[in-house]
Amino acid sequence: MQVWNKLFAKSPFKPLIKHSEVVLNTVETLEKALRAWERGDCEEMKRLAVEVDRLEDVADRIKEEIRDSLSSKLMMAVAREDVLIYLHMQDKVADAAEDTAKWLLIKRPGTVPDEVKSLIIQMGVESIKAAKLVHEAIVQMDRVIESGFAEKEIEEEYRIIHEIESVESKIDGLDTELMRKVLAMDGELSWGDGFCILNIARTLSNISDKAKDAAERIRLMMNK
Amino acid sequence: MDPWLLITIILGFAMAWAIGANDAANSMSTAVGARAITPKQAVVIAGILEFTGAYFFGKSVTETIRKGILDPTRITDPTVLVYGSIAALLAATIWLIIATKFGLPVSTTHSIIGGIVGYGMVYAGTAIVNWGKMGQVVLSWILSPIIGAIMAYFIFKALTKSIFERKNPVRSARLWSPFWIGLAFVVIGTMFYIKVLHGKNLGTGVVLYGIPAGIAVFFITYALIKLRFPISDPLIGVESIFRRVQVVTSGYVALAHGANDVANAIGPVAAVYAVASMGIAGMKVPVPRWILALGGLGIAVGVATYGYRVMETVGKRITELTNTRGFTIDFSAATVVLIASWLGLPISTTHVVVGAVIGIGLARGVKAINKDIVRDIIISWFVTVPVAGLISAVIFKALMLAG
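Residue numbers (the working numbering), protein chains in the order written: chain P, 8 to 231; chain E, 34 to 436.
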């Protein structure tokens, strides 16, 4: 056994980036499913929702692999705990997307007013933004380490984190607006449709919530 | 030729071969692992520069091992020195093979010292060992990885401050990397003055040889480092500059390693040669150049025959190491080793290199290091000398009974 092969352990960052790609893919697929839902294309929506579920499984497997590889014997540029919690949050982004997909699959949509639909689509689009930013943030974190925690790279990372936070607050606003609208539509929506839509909105806003939590962890990773 | 001398020469060559096969490959692996040089290029660089280091810079350590650890006046019978040297060489080689099997980052230097102490104690008891000197040597083993770590830590911090934190990192890298290479040549130039020209005054060496060599190399390197591709990413640009720089620093490591580690193989050979040519032990004799050449050649052959394969596997496995990190390890380790070699301290190159890696880890420069290696090194500190000593004692006893 050579000293060198023993000395260097595999960096968790490449797998973390890969995980974030799968998470992004999951959210993007969910957004496509929402668009199919908007069109009323039920078959396509179902197919995509199942795909979301499958992608979430893939993300889960990568998560397990990373966890197994992060032995406490490693000396890392960032705390092991931060990496593990970050991973957990990043994975929750995909979990939230899967939850939304579940609501899409569970109930055959009735007649939903267009303005509600468009709000849901907007939330979907913003969620993709959040997931994309998380991916950018972890790629940037890799660069921060590569540069030996140079000020310039840290600033860039902060910019991404702020953007995630602003996306989250935007989705929050959309969520509130949607809740108000749905609750105001007493007569137009059936109880079931209203309940389903509110849950879709709640799980969708969860996506950006978890993205924000992940960003919080990256902030901690950069602390010296 | 004395048959015992011939046997010692063969064993010394074998030991040099083992040093080249394992240690040299280990010390060149940063450059190979960071993709700065291919294993083939590493063999050529190591072959030439290990030999150069051994041949030109490899003298004073040889004497420390031979004279410092044991009290030569107590060895009155020349055959003791002959049998002892053979026992020490054989024991060190055997222990190296065992340790490699167990994956311990074992040091050839520590093994040979264990071997020498082993036969010495069988012959004349504990009193023959110069414990004060032994204590110093052991302390230097513990200190050398720590100094390697501290040096790498600060060099890495300096690198970050002077290059990555700048507005234009690539331009800073173009300016600063020749500076570091120049600094390496200040050390090499000074060593040249002391070792080859046998200069006595360190100050003279630094001013007349070190600094001029450093400045000349600075300008040559500055002129040579050109980037021909348009750089969109400053980090990639900096790394690509340091990829070239690492070609030079890997040579620096090979030179330092040759200078330091050749003594392990040829120290005992020189002792036996002194007996064979003059018939007496314990007298101060200069190590003949041909013995140094023999050691250098053995190391070069070791790198070419077996070390090549070691580096090939390393080259396939380590991809996490970037060139700025590789450079920091190379530069710190080689400088520490060369200075120790000048001071006559028989330290382990492998341990210094590992220390340097840990130092960068402490500066948050490496994404993941296996902490087990620290434990392994500490184990090897405590195990190597006693075990190599024991093996050597048994072989020595057997030779004395048979002879």
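These aren't lab readings, by the way, just hints derived from the structure by calculation.
In this text, all values refer to a predicted model and were calculated from it rather than measured experimentally.
Misleading hints may appear alongside valid ones.
Said to hold, decoys possible - Straight line, CA to CA, 27 angstroms or less: simulated DSSO-like cross-link-like pairs of lysine-lysine: (1) E/Lys-200 x P/Lys-13; (2) E/Lys-404 x P/Lys-21; (3) P/Lys-53 x P/Lys-39; (4) P/Lys-13 x E/Lys-349; (5) E/Lys-200 x P/Lys-17; (6) P/Lys-25 x E/Lys-349; (7) P/Lys-159 x E/Lys-404; (8) P/Lys-17 x E/Lys-134; (9) P/Lys-21 x P/Lys-136; (10) P/Lys-136 x P/Lys-25; (11) P/Lys-177 x P/Lys-109; (12) P/Lys-159 x E/Lys-166; (13) E/Lys-134 x E/Lys-73; (14) P/Lys-13 x E/Lys-73; (15) P/Lys-17 x P/Lys-80; (16) P/Lys-13 x E/Lys-194; (17) P/Lys-17 x E/Lys-190; (18) E/Lys-259 x E/Lys-190; (19) E/Lys-259 x P/Lys-17.
Measure nothing beyond the straight line between the CA atoms of E/Lys-200 and P/Lys-13; if it is 27 angstroms or shorter, mark the hint as holding. violated, 37 angstroms
Does the structure keep P/Lys-17 and E/Lys-190 at a Cα separation of 27 angstroms or less? holds, 23 angstroms
Has the given pair, P/Lys-17 with E/Lys-134, been kept, meaning a C-alpha gap of at most 27 angstroms? holds, 23 angstroms
Given the hinted pair P/Lys-159 and E/Lys-404, is their Cα-Cα distance within 27 angstroms? Not OK: P/Lys-159 and E/Lys-404 at ~30 angstroms, beyond 27 angstroms, violated.
Sort out whether E/Lys-349 lies within 27 angstroms of P/Lys-13, counting only the CA atoms. Between P/Lys-13 and E/Lys-349 the Cα gap is close to 13 angstroms, so the pair holds against 27 angstroms.
Is it true that the CA of P/Lys-13 sits at most 27 angstroms from the CA of E/Lys-73? The given pair, whose Cα atoms are some 23 angstroms apart, holds under the 27 angstroms limit.
Distance restraint between P/Lys-136 and P/Lys-25, which requires alpha-carbon spacing of 27 angstroms or less: Roughly 17 angstroms separates the two Cα atoms, so the pair holds.
Verify the proposed pairing of P/Lys-25 with E/Lys-349, using a straight-line Cα cut of 27 angstroms. Holds: P/Lys-25 and E/Lys-349 sit about 21 angstroms apart, inside 27 angstroms.
Under the criterion that the straight-line Cα-Cα distance not exceed 27 angstroms, is the pair P/Lys-21, P/Lys-136 satisfied? holds, 21 angstroms
For a C-alpha distance cap of 27 angstroms, please report whether P/Lys-17 and P/Lys-80 respect it. It holds: about 12 angstroms lies between the C-alpha atoms, which stays within 27 angstroms.
Hey, E/Lys-259 versus P/Lys-17, does the alpha-carbon distance stay inside 27 angstroms? Distance of about 32 angstroms is beyond 27 angstroms: violated.
Holds or violated: are the alpha carbons of P/Lys-13 and E/Lys-194 at most 27 angstroms from each other? violated, 30 angstroms
Hints 1, 5, 7, 12, 16 and 19 from the list above are not met by this structure, while the remaining hints are.
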